[in-house]
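*Asks:* Those sequence lines, one after another, are chains F and Y.
The first sequence begins at 12 in my numbering and counts up by one.
The second sequence begins at 12 in my numbering and counts up by one.
Among the hints, erroneous ones may be present.
It does not matter which identical chain is meant; a pair holds if it fits inside one copy or across any two.
Claimed, not checked - With a straight-line cut-off of 27 Å between C-alpha atoms, the simulated DSS-like cross-links for lysine-lysine are:
| # | residue 1 | residue 2 |
| --- | --- | --- |
| 1 | Lys440 | Lys307 |
| 2 | Lys440 | Lys310 |
| 3 | Lys307 | Lys176 |
| 4 | Lys176 | Lys216 |
| 5 | Lys161 | Lys440 |
| 6 | Lys307 | Lys161 |
| 7 | Lys216 | Lys307 |
| 8 | Lys216 | Lys161 |
Hints in this document: simulated from the structure, not taken from any laboratory.
2 protein chains.
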Amino acid sequence: MRWLRTSAEGFENAFARIVRNRRESDTQVGRDVANMINEVRERGDDALVDYTARFDHHRLSEDTDWRIDAADCHAAYDALDPELRDALELAASRIRAYHEGQLPEDRDYTDDIGMRLGARWNAVDAAGLYVPGGRAAYPSSLLMNAIPAKVAGVERLVVTTPTPKGEVNQLVLAAAHIAGVDEIWRVGGAQAVAALAYGTERIGKVDVIAGPGNAWVAEAKRQLYGVVGIDMVAGPSEILVIADGNNNPDWIAADLLSQAEHDPTSQSILITDSEPLARQVEDAIDVALMRLSTAKTAKTSWDGHGLIMIVDSLDEAPALSDRLAAEHVELMVDEPQALFDRLRHAGSVFLGRHTPEAVGDYIAGPNHVLPTGRRARFASGLSVLDFMKRTSFIDASHAALAAIGPAAVKLAEAEGLPAHALSISTRLK
Amino acid sequence: MRWLRTSAEGFENAFARIVRNRRESDTQVGRDVANMINEVRERGDDALVDYTARFDHHRLSEDTDWRIDAADCHAAYDALDPELRDALELAASRIRAYHEGQLPEDRDYTDDIGMRLGARWNAVDAAGLYVPGGRAAYPSSLLMNAIPAKVAGVERLVVTTPTPKGEVNQLVLAAAHIAGVDEIWRVGGAQAVAALAYGTERIGKVDVIAGPGNAWVAEAKRQLYGVVGIDMVAGPSEILVIADGNNNPDWIAADLLSQAEHDPTSQSILITDSEPLARQVEDAIDVALMRLSTAKTAKTSWDGHGLIMIVDSLDEAPALSDRLAAEHVELMVDEPQALFDRLRHAGSVFLGRHTPEAVGDYIAGPNHVLPTGRRARFASGLSVLDFMKRTSFIDASHAALAAIGPAAVKLAEAEGLPAHALSISTRLK
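Produce the entire structure from the sequences given, and follow the hints as far as they go.
*Replies:* In structure tokens, the structure reads:
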């Protein structure tokens, strides 16, 4: 963990370095992934069998080794502790309600010259969701990825997930049942992403691939962008808490640790105008770490990437926050709206002292798949739009074409494209 | 040019091959571009000087070699033939009006448990537009890329364009004046894209890069996706004309050639249920080619990639069209809406006999930057959304947190993330 003071000498250099260092992809991973994609493209299922044996110690031979069927998901759902089942259902219904509000409206209008113009949205035919295995297999993540796809209207929603040594996460299966996933394949890693993009003998290809994964999965998605649509390039999780002195340090400590416990490379940052609060938060983190089962990861992350920034005034916070363009920003102040109005770049913002980021991870409704690594400068969280595309349309009468066609002919001629000009002028003869 | 009949033996295999063959990126280009990006990242302006001398035979030494200033653009605008200026202004105003209708609405509501939820849209701070030099420098393309960025609210809009041997396209400068471009740099190729993404001593980096370019430019954008946002991976242009027998073959010939004249790799396809019409179109193309200044390119494209598909009934057309997922689809029939209702995958659709695709290239209003290479399955045309991003937000009262927080605690515990649970439970104590 590191302290910075905006009033200290050398602040700008130190801060600029932190902003710049939000990570790059690894060249060796890039080469390995390119080879794996080629293998899957050329050898199809045989390549999947080999990689799955090697990386997941799982043998794909019988059909039941390849797929988890709907009955298994239903059984996992039925076997859930009722309280947990209710929690998953509540989360699903709130996520569904929020994302239904994102459905875009078609446009269809006739303008002043009598030309009909518009745009129509459609869902993609098929979407793939990558679901990590092992430690990072989160049912909440499945809901957050699958529900927007289904709300968008995707007919075929395919999950791929590694099942190391054959092990299956029952919570994830129950979430798949709730979300209405159509197929689940027991394949993981970059090879699964390649299979979704190009298809194999068994696995039909999809149009869009979403979902979190390790560095290999992320790199495979990056390389296959363009062959399919992808949700985004995801990096380690980040939280930025902006807090005045009038806060319970235990609350802030828990919030910072809730990102730190995700991964050793997660980053938690506190910006405050109160050094006493900052000291109390630091102490509260040490206390909390003593009883967390995730303390090892959280401590590694906090020690390595944690940052406390002391500002003279919280007025400085929005500009610093925009430069960090963090995935999650908490505003722990009396008038959070005033600060929020001054923020431009953030994945998701949590207003006020009673809005811990974790409520957004699970149950509030907005998506928890958000841009990391300063990508909130240009990217948005996952939404129904990631599973849809827009077709524009034009419907011209002869009169409408006559009204503006000659100007288009003029432009086509100026650009040296005579067939363009001809296609209009021949209709106006 | 090739003929296919859906009723003929072997149709499915032949058609599947055509669908599959819509092109891939070249590995050697990939390696060259990766090297160029690294060079620009490490050596900044020095690398730009070297590449620009080598590829564009233009020496970047004085400031005036590097930049084209606003006064030059204004002068180019003033010097335009008045008719051409009016045509550009008409195009700009219609493009602006259409894209203003795309501006997304923010969401801000309080749900049934008293939790405030929403999403707010912001423009990116800076956008870069690549504008090709030489033959493919189109003022219409500048308008189509720049206007959505400005309508979105982008403050800093930067153009990079190669000026081979120092030559500048006056039409493009005039269009830049109309669109309100803020900076123009005389740099092209993959090196320009790298400069926009990472910044150099002179060129400030941007958040999103849009605009067409050759294979190197497209590959650079693909590789830098994630470092910046990009509009899309663009390939050769395509048109699909679906026509009944009751059409003027000259019109269809002109429409097919209007794509073919873009590039030797463009693809023009006719689907019709009338073999006599198809024969007439073929003849009309031969006739038109005799008088087009772009005949060489158009003929190469038509001979190499042109396709005429004879169907028994136009009822077959929507399914074939969706598999091709073409950039442009013309519906030259009496009831185009009925066919349009059955299409799912197309970049833009042109309804009826009086809507040549070229009217959309220049002046109708919708964007002419559209998904190619079957990417209309998952991608949309350029819009204001490409220059904006969304920040979701959550504002919970203590009562709202108390209502749903316990379910989130349950889920966090089930996922083995105790700090997540703690951040909620500590507020509910």
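*Asks:* 27 Å Cα cut-off: does Lys161 pair with Lys440 within a copy, between copies, both or neither?
*Replies:* neither (49 Å within a copy, 37 Å between copies)
*Asks:* Using 27 Å as the alpha carbon limit, work out where Lys216 and Lys161 are close: within a copy, between copies, both or neither.
*Replies:* within (17 Å within a copy, 37 Å between copies)
*Asks:* Given identical chains, is Lys440 near Lys310, meaning Cα to Cα at most 27 Å, within a copy, between copies, both, or neither?
*Replies:* between (77 Å within a copy, 25 Å between copies)
*Asks:* Regarding Lys216 and Lys307, is the shortest C-alpha distance of 27 Å or less found within a copy, between copies, in both, or in neither?
*Replies:* The answer is neither: 39 Å in one copy and 38 Å across copies each exceed 27 Å.
*Asks:* With identical chains treated as interchangeable, where does the CA-CA distance between Lys307 and Lys161 reach 27 Å or less: within a copy, between copies, both, or neither?
*Replies:* neither (37 Å within a copy, 48 Å between copies)
*Asks:* How would you classify Lys440 and Lys307 at a CA-CA limit of 27 Å: within, between, both, or neither?
*Replies:* between (78 Å within a copy, 26 Å between copies)
*Asks:* One pair to classify: Lys176 and Lys216, alpha carbons no more than 27 Å apart. Within, between, both, or neither?
*Replies:* Within one copy, since 26 Å is at most 27 Å while 47 Å is not.
*Asks:* Between the shortest in-copy and the shortest cross-copy C-alpha distance, which are at most 27 Å for Lys307 and Lys176: within, between, both, or neither?
*Replies:* Close inside one copy (25 Å), not across copies (61 Å); limit 27 Å.
The earlier numbered hints that this structure contradicts are 5, 6 and 7.
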